[in-house]
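Order-wise, the sequence lines are chains A and B.
As numbered in my numbering, residues 165 to 787 make up the first sequence, in order.
As numbered in my numbering, residues 2 to 356 make up the second sequence, in order.
I should point out that these hints are in silico values taken from the structure, not numbers from a laboratory.
Beta carbons: idealized from backbone N, C-alpha and C, even for Gly.
A portion of the hints provided could be inaccurate.
Now the stretches of chain A that chain B is said to cover, found in silico as 3 or more residues with beta-carbon under 8 angstroms [claimed, not checked]:
no., stretch
1, 500–510
2, 604–616
Derived coverage of chain B by chain A (criterion: at least 3 residues anywhere in the stretch with Cβ under 8 angstroms from a Cβ of chain A; other residues may be distant) [what the hints assert, rightly or not]:
no., stretch
3, 44–58
4, 62–75
5, 81–91
6, 97–110
7, 161–167
8, 198–208
9, 230–241
Residues from chain A that keep clear of chain B, each with C-beta distances beyond 10 angstroms, as calculated [what the hints assert, rightly or not]:
no., residue
10, Ile488
11, Val655
12, Ile693
13, Glu707
14, Val714
15, Met765
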Amino acid sequence: MGSVSVAAEGSRGLLRRPTANTGFWSWFTTVDHKKIGIMYGVSSFVFLLVGGSEALLIRAQLAKPNGTVLSAAQYNELFTMHGLTMVFLVVMPMSAAFFNYLLPLMIGARDVAFPRLNAFSFWLFLFGGLFLYSSFLLGGAPNGGWFGYPPNSVTDPSVGMTFYALGLLITGIASTVGAVNLGVTIINMRAPGMTMFRMPVFVWMGLVVQLLLVFSLPIITVALFELLFDRRFGTHFFDPVVGGDPILWQHLFWLFGHPEVYILILPAFGIISEIIPVFSRKPLFGYQFVVFSGIAIGFIGFGVWAHHMFAVGLGPVANTAFGISTSIIAIPTGVKIFNWMATMHGGDIRFKTPMLFSIGTVTMFIIGGLSGVMHSVVPADYQQTDTYFIVAHFHYVLFGGAIFGLFAGAYFWWPKVFGRLLSEPLGKVHFWIMLIGFNLAFAPMHLLGLQGMIRRAYTYPETLGLGFWNFVSTIGAFTIAISMLVFIANVIKTQRRPQGVEADPWDARTLEWITSSPPAVHNFDEIPIVHSLDEFWHRKYAEDKSGKLVPVQAGGADHGGEVSHEGGGHGIHLPGPSYWPILVSFGFPLIGYGVIFDWWMAFVGTAIILFGFYGWALEPSAE
Amino acid sequence: MRKKLRLVLGLVALALLVACAPNATQDSLKPQGPYADKIHELFIPVVWIAAIVFVIVEGGIVLILLKYRHRKGQERMPAQTHGNTRLEIGWTILPSLVLAVLAVFTVQGIWDLASDPPANAMNVTVTGQQFWWKFEYTDADMQTAAGEPLTTANDLVIPTGRTVYLSVESHSNGSGFEVIHSFWVPELAGKQDAVPGRTNHILLEADHPGTYTGQCAELCGLSHANMRFQVIALAPADYDAWVDGQLGDAVTPGPGTQAEAGMNLFLNPLPNGNGSCVACHSIQGTSAAGVGGPDLTHFASRDCFAGCLFDTSDPEAIAEWLRDPAAVKPGAVMPNYHLSDGEIEQIVAYLQSLE
Numbered sequence: 165m166g167s168v169s170v171a172a173e174g175s176r177g178l179l180r181r182p183t184a185n186t187g188f189w190s191w192f193t194t195v196d197h198k199k200i201g202i203m204y205g206v207s208s209f210v211f212l213l214v215g216g217s218e219a220l221l222i223r224a225q226l227a228k229p230n231g232t233v234l235s236a237a238q239y240n241e242l243f244t245m246h247g248l249t250m251v252f253l254v255v256m257p258m259s260a261a262f263f264n265y266l267l268p269l270m271i272g273a274r275d276v277a278f279p280r281l282n283a284f285s286f287w288l289f290l291f292g293g294l295f296l297y298s299s300f301l302l303g304g305a306p307n308g309g310w311f312g313y314p315p316n317s318v319t320d321p322s323v324g325m326t327f328y329a330l331g332l333l334i335t336g337i338a339s340t341v342g343a344v345n346l347g348v349t350i351i352n353m354r355a356p357g358m359t360m361f362r363m364p365v366f367v368w369m370g371l372v373v374q375l376l377l378v379f380s381l382p383i384i385t386v387a388l389f390e391l392l393f394d395r396r397f398g399t400h401f402f403d404p405v406v407g408g409d410p411i412l413w414q415h416l417f418w419l420f421g422h423p424e425v426y427i428l429i430l431p432a433f434g435i436i437s438e439i440i441p442v443f444s445r446k447p448l449f450g451y452q453f454v455v456f457s458g459i460a461i462g463f464i465g466f467g468v469w470a471h472h473m474f475a476v477g478l479g480p481v482a483n484t485a486f487g488i489s490t491s492i493i494a495i496p497t498g499v500k501i502f503n504w505m506a507t508m509h510g511g512d513i514r515f516k517t518p519m520l521f522s523i524g525t526v527t528m529f530i531i532g533g534l535s536g537v538m539h540s541v542v543p544a545d546y547q548q549t550d551t552y553f554i555v556a557h558f559h560y561v562l563f564g565g566a567i568f569g570l571f572a573g574a575y576f577w578w579p580k581v582f583g584r585l586l587s588e589p590l591g592k593v594h595f596w597i598m599l600i601g602f603n604l605a606f607a608p609m610h611l612l613g614l615q616g617m618i619r620r621a622y623t624y625p626e627t628l629g630l631g632f633w634n635f636v637s638t639i640g641a642f643t644i645a646i647s648m649l650v651f652i653a654n655v656i657k658t659q660r661r662p663q664g665v666e667a668d669p670w671d672a673r674t675l676e677w678i679t680s681s682p683p684a685v686h687n688f689d690e691i692p693i694v695h696s697l698d699e700f701w702h703r704k705y706a707e708d709k710s711g712k713l714v715p716v717q718a719g720g721a722d723h724g725g726e727v728s729h730e731g732g733g734h735g736i737h738l739p740g741p742s743y744w745p746i747l748v749s750f751g752f753p754l755i756g757y758g759v760i761f762d763w764w765m766a767f768v769g770t771a772i773i774l775f776g777f778y779g780w781a782l783e784p785s786a787e
Numbered sequence: 002m003r004k005k006l007r008l009v010l011g012l013v014a015l016a017l018l019v020a021c022a023p024n025a026t027q028d029s030l031k032p033q034g035p036y037a038d039k040i041h042e043l044f045i046p047v048v049w050i051a052a053i054v055f056v057i058v059e060g061g062i063v064l065i066l067l068k069y070r071h072r073k074g075q076e077r078m079p080a081q082t083h084g085n086t087r088l089e090i091g092w093t094i095l096p097s098l099v100l101a102v103l104a105v106f107t108v109q110g111i112w113d114l115a116s117d118p119p120a121n122a123m124n125v126t127v128t129g130q131q132f133w134w135k136f137e138y139t140d141a142d143m144q145t146a147a148g149e150p151l152t153t154a155n156d157l158v159i160p161t162g163r164t165v166y167l168s169v170e171s172h173s174n175g176s177g178f179e180v181i182h183s184f185w186v187p188e189l190a191g192k193q194d195a196v197p198g199r200t201n202h203i204l205l206e207a208d209h210p211g212t213y214t215g216q217c218a219e220l221c222g223l224s225h226a227n228m229r230f231q232v233i234a235l236a237p238a239d240y241d242a243w244v245d246g247q248l249g250d251a252v253t254p255g256p257g258t259q260a261e262a263g264m265n266l267f268l269n270p271l272p273n274g275n276g277s278c279v280a281c282h283s284i285q286g287t288s289a290a291g292v293g294g295p296d297l298t299h300f301a302s303r304d305c306f307a308g309c310l311f312d313t314s315d316p317e318a319i320a321e322w323l324r325d326p327a328a329v330k331p332g333a334v335m336p337n338y339h340l341s342d343g344e345i346e347q348i349v350a351y352l353q354s355l356e
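Generate the whole structure from the sequences, applying the supplied hints.
Structure, rendered in structure tokens:
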């Protein structure tokens with residue numbers, strides 16, 4: 165551990181510890197949670213554009229019956245990569261961006277618990293994503309769906325599903341490491357007075373998500389290794405002819421895959437639970453209920469996986485059990501929605517862009533939630549499963565819910581991260597175009613599915629009578645693309661302006677707004693002492709006996725501005741940058757290529773990893 | 002106001018949507034038999050409940066947003082309510098009750114659809130293969146002269162008013178890969194996956210004569226989208242006549258016809274040395290006894306072939322298929338035998354003679 169101001173003079177070791185905190189190369193060695201958060205955000209946004217472009221190609225192909233834009237082979241690659249990209253390379257890492265940047269600030273910490281591990285998580289995610297995408301150039305992208313059901317995913321002769329297994333294993337390591345790191349940070353690094361029930365809801369949802377990751381990723385890891393071994397080493401885990409079982413994969417995949425849905429949506433729930441109170445100028449209604457419902461969703465989320473498998477033939481007992489457990493999960497989800505409504509009720513609601521996106525999240529998620537309840541009506545699901553009704557449902561959850569929520573967060577915390585407010589008019593244009601495009605694209609899919617349009621079909625005949633709504637849906641998809649261009653224009657315009665936003669532009673409630681925007685590298689000059697939920701708000705306002713707000717006079721609060729002086733006067737200790745995380749991460753995709761193509765690459769990769777971990781362990785302190 | 006306007010516009014759009022919904026022909030919203038009806042009768046009330054919840058909750062949000070929006074020039078500090086336990090317990094319990102009621106009907110529906118078939122039900126084994134469907138009528142009175150079960154491909158012919166108990170399986174029979182498929186005829190029943198190594202069951206029945214299209218609903222490879230089939234329901238008398246026709250051997254073409262030349266090509270190793278049709282296809286009453294591909298005994302009596310991509314009555318379509326199967330149906334397992342145009346013409350004539 166070294167002081168930021170002290171150069172690493174006299175350090176010994178194979179590689180000297182890098183010291184630069186600014187400049188282009190500092191991004192490759194940084195262990196600052198804020199810089200890593202920004203890198204997560206930028207990378208996942210680029211992947212969003214890539215995955216969105218894939219969606220546009222898919223929609224172009226389906227705009228008319230008997231489309232000729234894509235071949236069957238290209239279509240299968242593109243819908244598979246679209247799903248993999250949006251789940252593993254967009255929503256998960258974009259949530260990680262917010263968690264990385266904000267969790268330490270919100271709990272009053274200087275960084276995460278294991279800063280170098282944090283950098284390692286990021287680089288491993290990025291290299292895992294690039295590894296997956298390199299498959300397009302190296303023999304064919306994954307083409308068996310993000311769900312990768314064997315035997316199809318095993319028997320397919322192209323190399324794509326081997327990339328799938330290895331790519332997801334690599335990003336899985338990244339997520340596991342990140343989850344441990346952030347979980348430990350939340351539990352151990354809170355500022356004095358920041359008890360668990362003074363943590364912002366976003367931090368709570370962060371904790372739930374990290375626990376979900378830690379417990380669900382090992383399951384998919386097992387499944388992916390089995391798939392890899394079946395494909396590469398001739399094992400028969402999923403081959404019924406010699407005693408394997410293809411249904412084994414489905415259980416393992418969805419036992420991961422359903423908690424994964426909550427991994428994707430709970431961060432957005434956390435984000436809007438912070439934003440709605442700020443723009444309603446009221447505390448979150450029923451904080452404990454919202455927290456406990458989030459925890460309940462996380463727990464129950466492990467008990468509903470077979471609702472993806474109602475048509476598999478598990479039998480009426482299993483279908484009954486999982487139908488009921490699925491409907492139960494609607495209860496805590498409904499609680500959250502009612503609590504957000506009650507938060508806005510009686511408020512002084514300001515329709516700033518972050519608030520618009522938050523309201524969009526709530527209203528669109530309700531639609532996805534209601535269609536979700538329909539799936540718990542098992543016989544109805546016999547008709548709906550594997551149709552566009554499901555596609556509509558989970559896009560209302562993961563786009564209408566998660567992506568809208570993440571954009572709400574982007575507009576809300578942009579001034580905190582970059583010191584500039586995104587343009588409000590452009591933000592509102594972005595919101596309305598995206599909302600309209602989203603509904604044009606996905607609402608018709610409900611009807612298409614009920615009218616017999618199956619998923620994962622590269623074409624459909626004219627006789628099915630599905631052309632009209634498919635065309636509408638395609639128009640909607642391109643409308644969403646326009647809204648993305650508006651967002652990019654907004655970012656470019658905003659970033660050209662000089663910095664200079666006040667520390668607290670929204671009159672916000674939580675600790676990250678106490679410090680400057682953007683925060684200094686050490687986050688807080690002095691660690692704040694926390695006395696209540698919404699600590700920052702209570703330093704600005706007091707409530708009189710009738711619950712009315714009264715602004716606190718500057719310096720007049722009984723505990724306003726109080727800070728911790730532990731370690732005071734000895735300088736602020738921050739971890740120094742390091743080469744090792746990026747180097748170690750680089751070894752993993754090499755192992756992947758080795759497994760697919762030639763073993764020598766795997767040996768090189770292993771050597772890099774071993775060498776890197778030794779270097780990492782023995783890295784000298786910069787002090 | 003904008004939000005309200007949006008709601009009104011949305012409702013108008015919804016009305017339009019229902020009004021000008023095009024004539025979908027594979028529509029789960031138009032059930033045509035008792036088993037599809039059961040699902041539909043469960044689904045429609047659920048849609049109504051969902052619609053009511055939607056209007057209440059979304060409407061509530063819109064009202065809150067309108068009533069409590071910040072108005073210019075008005076500085077108001079709202080009362081700081083932190084929660085209300087009684088209220089929150091209330092909106093935990095209320096949805097639970099609604100869901101509990103739904104669950105009762107759900108469980109009833111599950112067990113109803115999983116019940117044993119009625120005594121007069123007929124048995125058919127459905128086998129999903131890459132990328133077509135085989136139907137074997139396994140009842141004792143449905144055996145051909147050779148003692149084989151009546152077998153068709155892509156066309157499942159059933160009598161109206163009688164339950165069909167389907168055994169759903171997936172096999173490769175040596176051609177293509179053994180993968181998961183899913184059997185789905187939206188107008189007659191829900192889905193049932195065809196899983197390698199398992200035999201699943203589903204019931205279906207048609208009320209009226211007609212053709213009900215269906216298709217594979219689980220990704221099974223390149224031509225997943227082209228793995229279609231149809232259920233043809235006939236009035237009982239028509240059905241009996243159909244069975245009689247199907248149980249007979251294939252017709253032998255007259256001497257000296259194109260069709261006879263086609264038969265000779267079909268039954269013998271191909272002159273160009275690329276293999277033979279009988280390696281995979283069987284035709285009852287001839288020496289053709291291959292099992293990998295569809296049984297072609299009464300090919301011309303069917304409506305469609307190759308996963309219902311093409312009409313059997315269209316000689317051009319059959320010719321295109323024979324010229325290069327994978328060119329017209331991606332991933333088709335049947336190889337390109339590099340037949341000459343003349344040979345193709347002869348085989349087309351033979352296939353079209355197989356009434």
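Check your understanding: Honestly, which of those hints from before does the structure not fit?
Key -> Hints 7, 9, 10, 13, 14 contradicted; others consistent.
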